[in-house]
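Residue numbers 176 to 253, in our numbering, belong to the letters of the sequence shown in order.
Just to be clear, a hint being listed does not mean it is correct.
The following label-pair restraints were derived from C-beta to C-beta distances [said to hold, decoys possible]:
hint : residue 1 : residue 2 : range
1    : A230      : R184      : 15 to 25 Å
2    : S191      : A230      : 32 to 42 Å
3    : A230      : D192      : 30 to 40 Å
4    : D178      : I227      : 16 to 26 Å
5    : S190      : V223      : 15 to 25 Å
Since the hints were derived computationally from the structure, they do not count as laboratory data. The C-beta atom is built at its ideal place from N, Cα and C for all residues, glycine as well.
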Amino acid sequence: MPDTKKLARFLVSPSSDGGDPHIVIELEDGFRLTFTASFARVEDMADVLDDILDAAIPGDVSDPDHMPAFLQKGRSQV
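Can you make the complete structure from the sequences, with help from the hints?
See below:
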């Protein structure tokens, strides 16, 4: 799929005012989306990412095109 973009990074950082954390999603092409979410939503998103990793077919991680989209190339699944 030529329109598919791979996730390069997913960051959660605390708010400077002690409010809800900021979530930053960055794609490999440099596009960046930043938004604020409650701690409960951040935990929900982390659970979904864990489920995706658990469902990934183990095998040849040397082929980055067959790794889950949110893993950085060069990083192993652990």
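Give me the numbers of the hints this structure contradicts, sorted from smallest to largest.
-> none
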